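Same order as they appear, the protein sequences are chains A and B. Be aware that the first sequence starts at 129, since it is given in my numbering, and climbs by one per residue. Be aware that the second sequence starts at 129, since it is given in my numbering, and climbs by one per residue.
Hints are computed from structural coordinates only; laboratory data are not their basis. All figures in this text were calculated on a predicted structure; none of them were measured in a lab. Check each hint, because a few of them may be wrong.
Identical copies carry no separate label here, and so any pair may be met within one copy or between two of them.
To be verified - Derived pair list, reagent style BS3-like, types lysine-lysine, alpha-carbon separation capped at 27 Å:
#, residue 1, residue 2
1, Lys-227, Lys-148
2, Lys-174, Lys-250
3, Lys-386, Lys-418
4, Lys-148, Lys-363
5, Lys-414, Lys-227
Protein chains: 2
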Amino acid sequence: MSVAVASVKKLINEPADVVKESLVGLGLAHPDLVRIDFENQLVLRKDAPVSGKVALISGGGSGHEPLHGGFVGAGMLDAACPGEVFTSPVPDQMLAATKAVDGGAGVIHIVKNYTGDVMNFKLAAEMAEDDGISVESVLTNDDVAVEDSTWTAGRRGTGVTVLLEKIAGAKAEAGGSLAEVAAVARRVNEKGRSFGVALTSCATPAAGTPTFDIGADEMEFGVGIHGEPGRRREKIRPAAEIVEEMADAILGDLQPAKGANVLAFVNGLGGTPLIELYLVYAELAKQLEKYGVTATRSLVGDYITSLDMAGVSITLLELDDELTALWDAPVHTPALRWGI
Amino acid sequence: MSVAVASVKKLINEPADVVKESLVGLGLAHPDLVRIDFENQLVLRKDAPVSGKVALISGGGSGHEPLHGGFVGAGMLDAACPGEVFTSPVPDQMLAATKAVDGGAGVIHIVKNYTGDVMNFKLAAEMAEDDGISVESVLTNDDVAVEDSTWTAGRRGTGVTVLLEKIAGAKAEAGGSLAEVAAVARRVNEKGRSFGVALTSCATPAAGTPTFDIGADEMEFGVGIHGEPGRRREKIRPAAEIVEEMADAILGDLQPAKGANVLAFVNGLGGTPLIELYLVYAELAKQLEKYGVTATRSLVGDYITSLDMAGVSITLLELDDELTALWDAPVHTPALRWGI
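Produce the complete structure using the sequences and hints provided.
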């Protein structure tokens, strides 16, 4: 007996055209910030390459918007390579991005820890080096939920990627060398930890149906940004209990210094409204107090999503003076902007 | 026979505490911008009252975040009065806000056209005048979908409210008089039109189940921001067709000047991911071209939502030089920020 699975409605045309058509919109909405290279499927900073500046590129499967294309612009990324939905971009695409943005000071590849992305960025970096471009690859693997996952060896790269792109982008904008920008970027990954929970599945445009089944009263505790399994499936609980366990997982692993300052990032996965995200922030603040940690910076909203998944991830980044100053530095991208 | 309706999962504690707990989070995440008056349930600009500046307040039922509390800060609102979810704030709350922000130059009440809001703001304005505070009320009624609705006589006030709060806020920040700020605000409402569609219902925390039933292959064409019925229920169609009809409805009513410049605002209703909003923007751009209209400014994201509803609204605002300059002026609120 077959069970009918309800299709998930989307504001799209042909499923195969979603990524390209969304990029058209991104380019048209922000012509002052970005240009789209449709041949290579790239989002490029309008004025790239910036001569003498270390360039930053990132990329990965689409479906996590605004990551990464929404973070292209002054003070953040020079280019993003969007793959098809939940599918790694290809090495040629990454190579084209690297060449397009290299201003002579080298290029940073920011790579979330998914096997496809890691392999393809590695090939692209080798090809770029063959072409005489210096490349430093920086891996993010901040998700403490699980070791190894559907598409990952080790920990998955999630929310810290957003913070790293902002902070390393500021270091490059300030004239940092390739080694200096890479060092700051790696420090962000070392000092950042994340944990996510899902209340519903996402549905890719191609499938049109939920990626995984989940009961009407269940949550996935420790979900990945493509719907990968987390630590366990369980009954949904009050936000206070959920956030307490998320914070314990993150802070138990991060082990911040007593009295540490952190950037507290409460991220919506795409289908959760802002009223809930701020409620989660309030619960997180209680937990931080318990640990003697102070959130001196915050970010609340949808920044690294899983299409239409309802859920939230929390990322904590232990700050020092330099990371704080780089976070505060001006940025002008479609999705993050201040000081400009 | 009773039919079981699946409850909608939310990241909350007690449903009755959602608004208050979310306000706690808003205040803690943005202590540099806002302070929360829990006694009167107000979001206040940190440095209110600003002496000599015309003050702007707005308010309405919660569930539309970031509207209005996320728009409190320099260059936008001086206070927001959040009611319970989808429930008007009360006159005493609005009066308390008016008194708290009056800097001696008068106060603008920005009122979305819903019967409860209109009535309560009217009473609050009368009480404030009795206390010697000059108040100008500005109504938004930009939704061209339907005349009269579940909670509205005339047209509903929707997306233009966001643009009006930004633009009138800039006029006040620049030293505009009460009459001048009110005049600019009314011009924004006159020159703005909106239209929304829903793919799914929202679910309030108190009910815990969808506000309205909608088929797995249906959309509500012309939906209101609380799930009020639109023009018709119909089968979902490709985004290109949906956006064409939305643009026709808006532009047919607005009748912009040939060659007009507009601000094109593609707004997510809470459950629709950004990848779809940018795709909608691309379709909208095609329609604007057809009408000989140019989008010289854009806003794409979730700014006036309906809890977790999947869907989108489009707002077009015909710009002139003053409105453009006021839009571009610096703003620093939790949800909109640039130039600061």
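Hint check results:
1. In this homomeric assembly, Lys-227 and Lys-148 come within 27 Å of each other (Cα to Cα) only inside a single copy, at 21 Å, whereas the closest approach across copies is 51 Å.
2. Taking CA atoms no more than 27 Å apart as the test, Lys-174 paired with Lys-250 passes inside one copy only; the shortest distance there is 26 Å, against 48 Å between copies.
3. In this assembly of identical chains, the alpha carbons of Lys-386 and Lys-418 lie at most 27 Å apart only when taken from the same copy (11 Å versus 61 Å across copies).
4. For the homomeric pair Lys-148 and Lys-363, the shortest alpha-carbon distance between copies (25 Å) is at most 27 Å, but the shortest distance inside one copy (38 Å) is not.
5. In the homo-oligomer, the alpha carbons of Lys-414 and Lys-227 never lie at most 27 Å apart, since the shortest distance is 47 Å inside one protomer and 32 Å across protomers.
Hint 5 from the list above is the single one not met by this structure.
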